[in-house]
Every structure is written in C-alpha cells, then in structure tokens.
Amino acid sequence: MKPSRILLITGGIVLAVVMMVSMFSTGGEADTSVTSPVSVQDSSACIASKKYMRSHHMKVLEEWRHDVVREGDRIHETPDGRVFEKSLNTCLSCHSQNRFFCIMCHQYANVKPTCWNCHLLPTETK
Amino acid sequence: MKHDRREFLKKAGFGALAGFGALAGVIPGLALEKTDAAAFSQKPEQGKTRWGMLIDTRACTEGCSRRVAACHHVHNVPDFGDPKNEVKWIWKSSYQEAFPTAPHQFPSRAVAEREVLTLCNHCAESPCTRACPTQATFNRRDGIVAMDYHRCIGCRFCMVACPYGSRSFNWLDPRPAIKEYYREYPTRERGVVEKCNFCSERLVKGLPPACVEACPENAITFGDLNDPGSLIRRMLSDNETMQRKPELGTLPSVFYII
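Heads up: the sequence lines are chains F and G, in that order.
Heads up, the first sequence is in numbering that gives the first Met the number 0, so the first residue is 0 and it goes up one at a time.
Heads up, the second sequence is in numbering that gives the first Met the number 0, so the first residue is 0 and it goes up one at a time.
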C-alpha cells in the first residue's frame, strides 16, 4: 500500500472519530456536575491525635461548621494527605459504635452542647 | 510661624496616618488583611458560578407532587398537616399566585389552570439577607442564598422581607412532624426560619438538586447562569422565560417557561 493511501485512511478515521465525539457530547450532563466532588477516604485513624481531639474537638467542629456553612468548603485535608468531608457524619461514621461517645465526657464536664437539637444522633432511629 | 491648636492637630493626624501606612508596607503582618490564595482553591469563588434553575411549566403534567416530596424528604422538612404551621421549601402555586404582577386579565385556560412549582429564587439582590440582623442568611459566593441555622434567632425579618413567601418559621418542634428521618441531613429546631438551599449539600458532591432528579419529565434545568455555554443559558436564549416579580429588582435565579 502507498504511504499516501495509508495517510488518507488514517485521516478519514480520525475525522470520523472527531465528528462522532462532537455529535454525542452535547448532552446536559456536565451542567449539573460540580468541579470539586468530595472524595471521602475510609480511615481507621482520626483526623488528629487522640490527645488533640480530646482537648480541641470543639475548635475543630467550630472551624468545620464555619467552613461548610459560610464558605461552602467541605473538604478537610490532614497534614499527612488524607481527605475527609467536614461533617459530623464523618465523626460519627467511626465513633457511632460507642453509644455514650459524646455523652460520657460532656456529662462529667457538665457541658451541654446543642448539636443534637438538629443533627441526628446515630442512636436516634425512626 | 503661628500655630493654633486646630492646625497642629490636623498636621499631627496626617503625619500619624502616613506613618502607619508606611509601617504596614514595611512589616506585612501589620497590613489589614492576609490572603492565602491556595486556601480558596476548593471553595466557591466569588462571581465564578451563579447557580440557576429553569422550570418548564408546560411539561408539569403530573402535578409536581413527586418533586415536592423528594425535596422535603432529603431535607427533613416537617409536615404538621396544618396550614398555619406549614413549613415548605418547594411548593405548588397557581399561575396567579406565582406571577401576581404579570398581565393576566384574560389568560388562556391552559395558563389560568396551570400549577407552577415555586421555591426560593436565590436572588442576586436578595432582600432577606439585608434584613437579617445576625447574618444567619447570606449570599454565598456561588449565588446561593444560604441559611446558617446556628445563627438564626427567629426574628422573622427575612420572612417579612422576602417578596415570594419562600421562608417558613418553625413554630413547633419539627422533629415529631418528620415521618422518616433522612440521616445525611440535619433537622431544624423550634424557633428558626428555614428555606430551600438549592441543594448545596448535593451540588458539592456533583449531584443535581433533589427536585431536578425527581422530575420524571425533565422539566427542571439546573446550571450555571454565568457560563454562556451551559444548557440553562442556551435554553434561556432559545425560549421566552419569566421571573417572579421582576419589577422588584431582586434578580431571581429561578426562571419559568409558561
């Protein structure tokens, strides 16, 4: 086969592919998708050390609340590169096994946060 | 040279201002705002996106109940069964209720009998956010008028300010009035105002709003109004559309094809 003929056939195939792609890619799918989908990594380790979380979880949660509600920023990245969704559900996906996880310390320290007035505890079933 | 007290104070004031300005330039920590561009990469950017919705009312044949139910389910909206305490994010209105200022002296029967899906318009010039004394309701960078239920004090100024009746007050504890909890979204408590959030919690995951997804006739188009190539913008330029009460200058982001 002549090289010019090969070139012609390859060019024809490329043209056909380009036309097919441009014909079938005008759907509205791309409109509703958002640029930064949250990819949540399942993890056995918490976002920070146990000691830090014990003393500072309220600060973390307050920061998360501000970022998510006010800024629309839902992705938390730990210094070692793990990614979490900033949500109480992220905490509870690991810690819901212990029914008294929040209550135990809060009762001892006599603090009464109002989180569960609106946010659903995993133990609340209906 | 004679100096009176007034002249001296003027000169001293200007001198101090110039001094502080120079100091802020030399020591960056003293400058008023510190901006870290990298931190904004995943947040909605100001003016980049403006989410909008186009509802084709001609396609609403089945009465839209499915969309209302889908929205109210995924957002734990209570149903008290009493119109006085009604809480609604999206609901059905008659044409006259939805467009009271549109000309409709002798409307065609099809238009007069048509039911229109109404929801928060996510106005670009939203009167509710101006009325809110605690900034519990505010304009997000992507054009969504959002509610921060943590901050709402239940004063209901926003309900008075909203010309579309898009806001509802929780007169009672909503929890007992929720048939089935949707676990991924919180409920509200007694004493806060609530409304449609354009499904911002779904958008961030790349999902369309619940009403769009639940619509069997694909009557609702959702997309970015700032992108000239988006489907919603193409449909807006190809069809004659209406906004609710456009004369108020609120610039609603929800459009209708009648």
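None of these hints come from the bench; they were simulated from the model.
Source: prediction; values computed, not measured.
Backbone N, C-alpha and C define an ideal beta-carbon position, used for all residues, glycine too.
Any given hint could be a false lead.
[Unchecked claim] So the derived list for chain G, only partly shown, Cβ under 7 Å to chain F, looks like this:
{"#": "1", "residue": "R4"}
{"#": "2", "residue": "P43"}
{"#": "3", "residue": "C59"}
[Unchecked claim] Have a look at the derived ranges for each label pair, beta carbon to beta carbon:
{"#": "4", "chain 1": "G", "residue 1": "G46", "chain 2": "F", "residue 2": "V59", "range": "24 to 32 Å"}
{"#": "5", "chain 1": "F", "residue 1": "R98", "chain 2": "G", "residue 2": "D81", "range": "48 to 56 Å"}
{"#": "6", "chain 1": "F", "residue 1": "H118", "chain 2": "G", "residue 2": "N238", "range": "25 to 33 Å"}
Okay, the hints, checked on the actual structure:
1. With 7 Å as the threshold, the beta carbon of R4 (chain G) stays out of range of chain F, its nearest partner Cβ sitting at about 47 Å, so the hint is violated.
2. With its C-beta approaching chain F no nearer than about 5 Å, P43 (chain G) sits inside the 7 Å limit, and its interface hint holds.
3. Restraint check, C59 (chain G) versus chain F: the minimum CB separation of about 19 Å is more than 7 Å; hint violated.
4. One distance hint, 24 to 32 Å for the beta-carbon pair G46 (chain G) and V59 (chain F), holds here, with the actual separation near 30 Å.
5. For the pair R98 (chain F) and D81 (chain G), the beta carbons lie near 35 Å from each other, so the given range of 48 to 56 Å is not met.
6. For the pair H118 (chain F) and N238 (chain G), the supplied restraint of 25 to 33 Å is violated, since their beta-carbon distance comes to about 42 Å.
Hints 1, 3, 5 and 6 from the list above are not met by this structure, while the remaining hints are.
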